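Peer 1: If you want the building blocks of each chain, they are given just below.
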Amino acid sequence: MSITQTTSNSLWQRAYRQFSQALVNSDSLQHYVEPLFQPFTQWGGFSQQRAQLEAIRWESDQVYTLVLRPNKTWQGFAAGQFVELGVEYNGARTLRCFSISSSPEQFQREGTIELSIRVQPEGKITPWLPQALQFSQSIGLSQAMGDFVIEDAHKKHKRLMIAGGSGITPFRSMLTQACADSDCTDTVLVYYASKAGEHLFADALNEIAQNTPSVRVVLLDTERHGRLQASHLQQHCPDFCDRDSYLCGPSGLIRGARDLLADWGVADDQVHFELFGSAPVDVDSADAGGRVQLRQSGKSIQADGSRSLLDEAESVGARPQSGCRIGVCHQCKCRKTSGVVLNTRTGARSDSGPEDIQLCVSVPLGDVEIDA
Amino acid sequence: MTKQLTSQQLDALAKDLDAIREEAMSQVGERDAQYIRKILRLQRLTEIGGRGLLFLGFNPVAWLAGSTLLGVSKILDNMEIGHNVMHGQYDWMNDPRLHSNTFEWDTACDSDSWRRTHNYEHHTYTNVLGKDRDYGYGILRLTHEDEFRPEHRVQFISYVLLSVFFQWGVSLHEMEADRLYKGEVKLRDKKPLMKAILKKGGRQVFKDYLFFPLLTGPLFFQTLLGNALANLIRNLWSSTIIFCGHFPEGVQTFDESVCDNESRGHWYYRQMLGSANFQGGRWLHIMSGHLSYQVEHHLFPDVPAHRYVEMSPKVQAVAEKYGLPYNTGSFGRQYLTVLKRIIEHSRPAPKKLAAA
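From first to last, the protein sequence lines are chains E and L.
Quick note: the first sequence uses the working numbering, first residue 254, plus one each step.
Quick note: the second sequence uses the working numbering, first residue 4, plus one each step.
Heads up, a few of these hints could be off.
Calculated lysine to aspartate or glutamate pairs in the EDC-like style (CA-CA distance at most 16 Å, straight line) [what the hints assert, rightly or not]: (1) E/Lys377 with L/Glu33; (2) E/Lys552 with L/Glu124; (3) E/Lys448 with E/Asp314.
No lab work stands behind these hints, which were simulated from the structure alone.
These numbers were taken from a predicted model, which means no experiment stands behind them.
Construct the complete structure from the given sequences, taking the supplied hints into account.
Peer 2: Here you go:
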């Protein structure tokens with residue numbers, strides 16, 4: 254399976270796959286031809302959706318915005334969705350997911366989208382990307398994904414948006430779009446940053462609030478105000494229990510907000526959330542951890558459940574296929590032959606039998622064998 | 004008898020070799036990606052060129068050139084690309100075309116079963132008699148420690164046949180016919196493998212002996228013969244390369260007992276004594292998938308193989324430091340000793356050796 258292919262089972266496509274397998278030992282004849290053109294194409298060959306870089310704008314000394322022009326086959330997006338960027342970093346294909354921070358209206362008008370990216374000091378991709386794009390103005394871009402959007406049925410509901418750190422990006426998209434649509438739904442945005450003055454897009458958000466009477470923006474910082482607590486909501490948005498809630502930010506914030514809302518009796522279907530950054534591996538379960546057996550490399554690891562199976566496998570030198578590392582792109586799908594794993598993204602426990610799992614968000618609950 | 008190392012020496016050996024590995028792995032990146040892509044392009048060009056020339060198969064020169072090019076393409080696909088990719092040497096590139104999980108090669112042997120037997124059995128139990136099924140491929144007797152059976156008298160003929168039909172031999176090798184015969188494995192358990200072998204073999208036959216011949220219309224038989232020649236070239240070449248890796252003079256075998264609680268140092272030690280290199284030019288190395296550096300390959304199976312060239316002097320220095328042999332010689336010399344060994348062991352052990 255390739256990055257761009259989806260498993261489809263129409264008779265024609267199956268026949269084509271068989272034919273291609275017989276002729277070139279690959280699911281698609283395209284795979285066979287692509288290496289010939291690789292010097293002229295970049296990331297992923299022609300099957301890969303691409304975008305051109307229009308500009309890089311620094312929002313602060315740690316956050317930059319890429320202004321991208323997707324090519325013709327890009328199908329657009331809904332405010333709140335994210336994309337995968339594909340880059341080649343030192344010979345290795347690497348995928349990273351980012352929420353789109355601009356509005357669909359801007360895409361229709363100018364054909365561009367914006368991604369706002371915080372430089373992760375320990376990361377390898379985010380600090381490197383701005384320089385790399387100076388040389389190659391072209392970058393792999395997936396279609397928009399994700400269901401963190403305001404559904405039509407909820408369009409008229411009053412909203413509470415809670416953002417933390419770079420988790421503001423999808424909200425910027427949603428609010429800018431609402432502004433463009435003259436959508437006057439009552440919206441309160443409570444936005445946490447670690448310090449005063451570190452709020453991204455503070456000016457733009459305040460401008461939206463000024464121009465749109467129904468939108469209120471509350472900027473809080475954990476240094477002075479502390480982490481999210483009920484009193485913040487009571488003070489700035491007393492009717493929060495009646496609203497649809499949208500949460501985006503680090504896992505601690507999401508968890509805190511969900512617990513708080515549940516305690517106040519807000520129904521689950523009123524709460525929408527998007528994890529930002531790496532999927533958290535935090536397992537309360539006492540049975541987390543166990544011996545992980547890698548079938549193909551014959552290696553075995555004693556895992557304590559604090560790291561994903563992907564990290565564990567890589568720590569002993571195995572290189573399973575991987576992608577976004579936050580449970581989104583399914584590149585790291587791998588056969589688990591036995592044992593139980595916990596999907597930290599969904600919280601679901603697997604069965605004990607053979608099945609495909611996502612290595613990057615799975616932790617072992619007891620002994621596990623995987624085909625990696 | 005080769006020098007025995009104490010367990011402290013073995014630990015030190017492991018440390019030295021690990022350091023060579025670490026140094027190479029820390030540099031892996033862009034250069035390796037560009038290298039393997041270049042080889043991939045070359046493989047595509049030779050295959051397209053070869054199959055294209057066979058459309059002119061009415062001309063004997065074009066026919067021969069086409070078949071040879073196709074043979075070269077299959078060799079590149081199997082040796083420098085397939086074998087190395089399936090060892091996971093390029094997994095870090097995260098390219099589905101070059102990932103060990105998904106790669107499939109242009110040979111009758113199904114890659115899934117090969118990955119298991121080759122990567123695991125052969126590379127773990129290298130040259131351990133009774134454990135490494137690649138030692139003599141269950142057909143040839145290459146050491147007097149192996150029991151003599153009457154069929155070994157004609158093993159030179161078996162060897163030639165194995166080389167000619169190498170892709171099918173390797174494919175059927177996975178069936179473990181000898182163990183099936185002895186009842187150690189059940190036929191029932193081999194059903195899925197049998198299906199995989201038939202499927203993969205069927206595809207290869209379809210491609211080389213039906214589809215492309217039919218595509219050339221009136222040249223059906225010329226193309227069929229050309230494809231057969233290409234497969235033959237690849238079979239003879241890969242069999243020769245592989246035999247030169249473990250069966251030349253001076254390569255040692257080991258008893259099953261060494262595998263119990265084996266240290267990493269001893270594993271390294273066994274890999275060094277159980278493999279042999281041969282020397283030659285850059286293209287000999289590329290066409291052999293750098294198995295001309297079999298010693299380095301067995302020490303560092305997941306390091307991109309083109310790096311063995313620069314790792315080799317360091318490995319030789321380590322061998323010298325511990326007084327271990329580093330088996331190498333010209334391609335011709337190493338191959339002659341393989342042939343000699345096959346012939347020598349087609350007779351029972353001379354009395355005095357048997358007594359000792």
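Peer 1: Straight-line Cα separation of E/Lys448 and E/Asp314 no greater than 16 Å?
Peer 2: Answer holds: E/Lys448 to E/Asp314 is near 14 Å, not above 16 Å.
Peer 1: Measure nothing beyond the straight line between the CA atoms of E/Lys377 and L/Glu33; if it is 16 Å or shorter, mark the hint as holding.
Peer 2: holds (15 Å)
Peer 1: Would you check the hint for E/Lys552 and L/Glu124, treating anything up to 16 Å between C-alpha atoms as holding?
Peer 2: holds (13 Å)
Going down the numbered hints, you'll see the structure goes against none, and every one checks out.
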